[in-house]
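Number of protein chains: 2
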Amino acid sequence: MANTTSRLEKLRGLMKERKVDVYIIPSEDSHSSEYIASCDARREFISGFTGSAGCSVITLDSAALATDGRYFNQAAKQLDSNWTLLKQGLQDVPTWQEWAASCASGGKSVAVDSSLLPGSAAKKLNDQVHKAGGAGLVPLDENLVDIVWSTDRPARPRQPVTVLTDDLAGKSVTKKIMELRQELCKKNCPGFFVSMLDEVAWLFNLRGSDIPYNPVFFSYATITPTEAILYIDESQLTDACTAHLQANKVKVKPYETFFSDARQLHSEVAGKRQGDSDGMGIGKFLISNKASWALNRALGGEGSVEEMRSPVGDAKAIKNETEMNGMRSCHVRDGAALIEFFAWLENQLIERKTIIDEVQAADKLEEIRSKHDRFVGLSFTTISSTGPNAAIIHYGPEKGNCAAIDPASVYLCDSGAQYLDGTTDTTRTLHFGSPRAAEKKAYTLVLKGLIGLETAIFPKGTTGFALDCLARQHLWKNGLDYRHGTGHGVGSYLNVHEGPIGIGTRVQYTEVPLAPGNVLSNEPGYYEDGNFGIRIENIMMVKEAQTEHCFGDKPFLGFEHVTMVPYCQSLIEVSLLDKNEKDWLNASNAEILEKTKDFFEGDELTTAWLKRETQKIE
Amino acid sequence: MANTTSRLEKLRGLMKERKVDVYIIPSEDSHSSEYIASCDARREFISGFTGSAGCSVITLDSAALATDGRYFNQAAKQLDSNWTLLKQGLQDVPTWQEWAASCASGGKSVAVDSSLLPGSAAKKLNDQVHKAGGAGLVPLDENLVDIVWSTDRPARPRQPVTVLTDDLAGKSVTKKIMELRQELCKKNCPGFFVSMLDEVAWLFNLRGSDIPYNPVFFSYATITPTEAILYIDESQLTDACTAHLQANKVKVKPYETFFSDARQLHSEVAGKRQGDSDGMGIGKFLISNKASWALNRALGGEGSVEEMRSPVGDAKAIKNETEMNGMRSCHVRDGAALIEFFAWLENQLIERKTIIDEVQAADKLEEIRSKHDRFVGLSFTTISSTGPNAAIIHYGPEKGNCAAIDPASVYLCDSGAQYLDGTTDTTRTLHFGSPRAAEKKAYTLVLKGLIGLETAIFPKGTTGFALDCLARQHLWKNGLDYRHGTGHGVGSYLNVHEGPIGIGTRVQYTEVPLAPGNVLSNEPGYYEDGNFGIRIENIMMVKEAQTEHCFGDKPFLGFEHVTMVPYCQSLIEVSLLDKNEKDWLNASNAEILEKTKDFFEGDELTTAWLKRETQKIE
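Those protein sequence lines, which keep their order, are chains A and B.
Each residue of the first sequence is one higher than the one before, counting from 1 in UniProt numbering.
Each residue of the second sequence is one higher than the one before, counting from 1 in UniProt numbering.
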């Protein structure tokens, strides 16, 4: 537990100087990144809470930290007595926005670093503050936490950037920019501003390593009808990058000049708009609905800016043939690594009676993975969890302070890697001994859900929200469920979580229909607190399905799974599977065996494990 | 086909006098009714199109009629050459709002009778008109069609109203008003205004017959913290009604004074607000988001009115024990009527070789239904359709101009009735001979979907949107689908369609979770244009489910079906059903036999049919 008293005192001193009554500290960086660099971990610095999601609200005499169900236990442990924990999603617990608004009643002011909150979120919060009788939300250009943190705050990373060649990217930068300009042209848009780091990386076929696990680099970009500008610290660009950008007619400017250039462009366009006789010729600037309030303000605010789902994010979510082939290929290698790891782990635990702890296992898995072609690094922290720890959905074992893997309990491993040709994310739950009936039943219900979703066929236009219940239906019939989404979009040698699509109960998943080329996870689970946890996760690609009929001339779509790791035979309660499910399982296992067996020539241990785990189920 | 030239000429004359360039004529009456009285059929009068859904947009030199996929063929037949048909939902076809906005470009004005459009719809349309360069949407207090229609327009119905006694309604008016006031109290609301006719009928436990099939009466109501006022033509109230209203402390005022009273209340409350020192004591007026723009304006508009999903509609959708028992009971009687009818029809067609047309069959069904206890009337026009006509989703056969029922084709019958204790809506598709393989397959896929949804178990909080794919999944796997929702809410001796819940792909069905007491239809289908149509429809009630576990202490819910009519044995392809589906079918058929057989004592023909159609499937 951190002692946050002195930090809070300093922060409150700064708040008083600036006449700020309520100060908001979001988790995100100024690019709305889910994973952040350590220099941006402001919410963690001020609160001591290290989870990936949450928001702090500080008043002159109170401090609240809001986070979701994944982190209730962790936050309760990490917060000291200065803090109130707001368990988001529980009945009668206010959202952090409601909390902030209520703290502002009686004409008090709420402030936030405007680069850390999306414009739409700021607008909504401002309304809430006003409604509660507060003085409104004030945008600050400086960050008060950064001032408190000045002495030991890490520098912003400036790691070298590399070119993703067209044979890996599948589409040239010139073509991507051309297609984006065609979108902008439809709206007479004078400029689109790319603020998400993975969107910049995708658009320019560049990769970096400024953020852990995500091959991105600190940058912004501006695309106008005539110019494409990448804002980045030039020291990060290799000669190859510079040549690549020149060849694609991309200008490079310093990262720090992005906002001033945006303000400059706004005033130029505003001038042209005034000279524009009917006022209809020049459209608004477009920014992503995840872009910051600061960017929205720099571009002139509501009158001259339209926020929308990013067209770059939409394009990125539809993988091209090269990217899809890369996904297939890297998942075979990644599957081989997981198979070798599971065979090794079982041998160590059962035959050799070695004590292996959760972190040692994760490290071994990384070591095996790193030997494979095109391996770059992990795509997120490996979740390696035994017994009751497997029930903690986002468990992260700590080196030297984690459990030994219990061969008599379930072992859940959720891991993934970055390869030059794709990003992987796989979860398998195993048991090295004799599972209990309850564990087998839960595993099999989860597996039935995974199969139900994988084998779905659906008309074009269907969203991930509409399909979610296929993964939950069998658990539901037994009164069981899981408190997380069923699937997230996956980048192509990019972030392991990406929008705009997903499968789950969040209403945002009703917005964008699934389309051929989408890459998604399928990861139902079941978690019994203090007891055990089950999750099975495959990565799937959306593709056109071959159906007997084709109603209404709209294509029907289905999934192709690319994950090549067997399911745990000892955890399957065969009597709960119907014929179609057994057929699917046998066909999948046969494919996994066929595609991975050559990796284990001469490795009898792994080959034996693989053959046993892919044997036919009757 | 109507000749609308002269009507349009007169209307355009009135438009010119009032400087209206574009005039909107919605289908709805001033209560947002789905079914309307003939006096309110303005859109039909002006366009000649008789379908239940659509909107007309008239300019000085053009006329457009927008309707949805159910009515494309019918509209094309009924519209004369003055009209452009806007097929809503087709790609590249503008919505009627977009059409109206584009007609207004260049500073033109759009007008509408403000009592016929919800406030939110008016606001959105006004924005669209402005965006397209129009002069905005003008609210008119008069209706221009009514002026054209003055000579032969039917009078507004003023049918007698009756009391629904507490033993049928299950909850007293006093209790309903008290519960509504508790809702209003939370928001310091000075008044809720009830504008939907079924909401008024439900709130006051009254029923009428002003609108075909819907047991409602023209009325409004105002509920303030101290008063409950019913606005109705007093001539419609029997002595029993008057006594009932007095006993429940409900004032009665003339229908016509509702808007002037609303304006009066607004000015009174506005005065109090000014005297209210901190301005926080008095909340806004609440109206349903389906209430008219005229009502919103009468109450002072945005600053003093909040539109929301009607709390009366929400309460009405949760049936009480008495209403649920009534639903069960009336569906047994209604099922007996359908069983007797189907047995009679088969005997006429097959044994007696009688020629029976679609309308004769529908009339016979009504005759049989009307003999049953507590029968009041039909709940909608019976869809009685043979062969290719069954593929027309909202087919309505016309007397003397309809097809003879073909014993060698499918016969689809979608019908329902109003009983004092509930409302029914049942669809069965039958075949009296030897169905083709394609018909059997389609029927069985539809049946599998019906069973998949009926047997669903889901956690509290799940919406009808999330469950929809359970009804479609088997069709989808064969590349088939249907272009309508899967389920709608059903009133309790009230409208056969009611909100806010439903099951389908409309995003509105993500808003309100299903809850115990909800009554819904489950009606998947499949339609092959020009060939045949299949639909099977049961009415289900949401109830708490008994599950082995209960994850997270939230109750799990499921369905109880109340419809008691067998499925067509000759159309079932048994090889496509799995064991669970066969078990469900056999249990359902056994229950149907048990609950209805006593109605047919001495009726050997019906008894034989019932036993054959409920026989066990292996």
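What the hints contain is simulated information worked out from the structure, not anything from laboratory work.
The reader is advised that the hints may include incorrect statements.
Where chains are identical, the list cannot tell them apart; a pair therefore holds if satisfied intra-copy or between any two copies.
Here are the computed lysine-lysine pairs in the PhoX-like style, where the Cα-Cα straight-line distance is at most 25 Å [stated by the list, open to error]:
id: 1; residue 1: 371; residue 2: 441
id: 2; residue 1: 399; residue 2: 87
id: 3; residue 1: 175; residue 2: 186
id: 4; residue 1: 399; residue 2: 253
id: 5; residue 1: 460; residue 2: 123
id: 6; residue 1: 187; residue 2: 249
id: 7; residue 1: 441; residue 2: 579
- Message: Hint compliance check: list the failing hint numbers for this structure, sorted ascending.
- Response: Structure breaks hints 1, 2, 4 and 5.
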